[in-house]
Amino acid sequence: MTGNRRPTIKTVAARAGVGRTTVSRVVNGSDLVSADARARVLAAIKELNYVPNSVARGLVTNRTNAVALVIPESESRLGSEPFFAALIRGVSGALAESGTQLQLMLVRDQAERDQLTESVATRRVDGVLLVSVHSEDRLPGILEEMGLPTVLAGRRDAGEQLSYVNSDNAGGAAEAVRHLLGRGRRRIATISGPQDMDVGRARLAGWRTAHQEAGVPADELLLETGDFSEDSGGRAMRLLLERAPDLDAVFAASDLMAVGALAELRRQKRRVPDDVAVVGFEDSVLARHTNPPLTTVRQPVEELGRTMARILTDITLNDAPRRQITLPTELVVRESS
Numbered sequence: 001m002t003g004n005r006r007p008t009i010k011t012v013a014a015r016a017g018v019g020r021t022t023v024s025r026v027v028n029g030s031d032l033v034s035a036d037a038r039a040r041v042l043a044a045i046k047e048l049n050y051v052p053n054s055v056a057r058g059l060v061t062n063r064t065n066a067v068a069l070v071i072p073e074s075e076s077r078l079g080s081e082p083f084f085a086a087l088i089r090g091v092s093g094a095l096a097e098s099g100t101q102l103q104l105m106l107v108r109d110q111a112e113r114d115q116l117t118e119s120v121a122t123r124r125v126d127g128v129l130l131v132s133v134h135s136e137d138r139l140p141g142i143l144e145e146m147g148l149p150t151v152l153a154g155r156r157d158a159g160e161q162l163s164y165v166n167s168d169n170a171g172g173a174a175e176a177v178r179h180l181l182g183r184g185r186r187r188i189a190t191i192s193g194p195q196d197m198d199v200g201r202a203r204l205a206g207w208r209t210a211h212q213e214a215g216v217p218a219d220e221l222l223l224e225t226g227d228f229s230e231d232s233g234g235r236a237m238r239l240l241l242e243r244a245p246d247l248d249a250v251f252a253a254s255d256l257m258a259v260g261a262l263a264e265l266r267r268q269k270r271r272v273p274d275d276v277a278v279v280g281f282e283d284s285v286l287a288r289h290t291n292p293p294l295t296t297v298r299q300p301v302e303e304l305g306r307t308m309a310r311i312l313t314d315i316t317l318n319d320a321p322r323r324q325i326t327l328p329t330e331l332v333v334r335e336s337s
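Position 250, counted from 1, in the sequence shown is what UniProt numbering calls 250; the numbers after and before it change by one each time, with no gaps.
Because the hints were derived from the structure by calculation, they are not lab data. Computed from a prediction, not measured in an experiment: that's the story for all the values here. For every residue, glycine included, the Cβ atom is placed at its ideal position computed from N, Cα and C. Be aware that a few hints might be false.
Have a look at the derived ranges for each label pair, beta carbon to beta carbon [what the hints assert, rightly or not]: (1) 219 x 320: 41 to 49 Å; (2) 146 x 216: 47 to 55 Å; (3) 104 x 49: 18 to 26 Å.
With the sequences and hints as input, model every part of the structure.
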């Protein structure tokens with residue numbers, strides 16, 4: 001061999017006097033190779049210091065050693081929400097353990113949805129990790145029909161059939177409201193997430209459950225819906241104060257919405273927590289740097305990402321059955337409540 005070029009499967013095949021598929025079968029431990037051919041291939045691999053790559057393995061296994069993390073959100077949303085950064089860290093760390101490549105795909109319009117469908121149809125990825133799932137989203141069903149292993153972050157509803165990893169959204173929200181009730185708050189508003197998402201419905205259900213347990217009616221006038229963004233939190237807080245100026249606490253279904261609520265409360269000269277206590281959900285890096293620091297429900301976002309990736313890897317490598325996992329949450333008390 002001349003020069004410093006890395007040997008390829010083609011080089012090994014030429015040296016051993018066999019076809020590239022035979023080399024790939026030897027690399028992958030297939031029994032469909034004669035003893036003589038196996039010996040020649042192994043000798044060529046040793047002589048050339050050949051390191052098998054994912055393309056070579058894919059000739060026999062029909063695998064690409066790549067999975068797609070699909071996020072149906074804009075670049076600005078991806079960059080502004082700590083949830084996505086933490087999830088990506090968890091996913092990429094777990095995939096690195098198995099030597100699997102990560103392809104990040106933003107699906108913002110029909111053209112990008114078509115591009116994803118093409119990638120799936122041509123098997124450019126072995127599986128999909130899907131985030132921000134809405135109840136009526138057809139994408140999970142399309143992936144299932146195509147037979148592509150798919151793992152969801154969250155779920156579409158309680159009857160979800162696909163593999164998913166979820167946080168205990170209802171339990172975490174109920175714990176947050178119990179905390180506020182325990183501090184003597186009785187007019188506890190909530191800024192819920194979108195109601196076409198299970199996560200939004202579950203955190204709202206937790207708000208209602210805690211009130212019911214305590215025998216304190218949950219006033220529907222104290223409910224406003226956001227979209228998990230900071231702007232929607234500020235807008236919802238303003239509407240809530242207009243309708244119920246006597247509210248004394250607010251549970252926001254995300255830290256970003258809580259940040260928006262805090263800004264609106266400052267604008268209206270409401271003291272936190274003296275006049276209005278505030279609790280968020282996620283325990284993102286933002287929570288420690290608000291003024292005052294934010295009481296919030298910690299969900300293990302990186303662990304959620306790691307678990308999703310490991311489930312998908314187990315399905316694609318070992319044909320493992322589907323799994324549905326709910327991770328526990330924990331209330332973190334800081335000065336905002």
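Structure-based check of all given hints:
no., hint, verdict
1, 219 x 320: 41 to 49 Å, "47 Å, holds"
2, 146 x 216: 47 to 55 Å, "49 Å, holds"
3, 104 x 49: 18 to 26 Å, "33 Å, violated"
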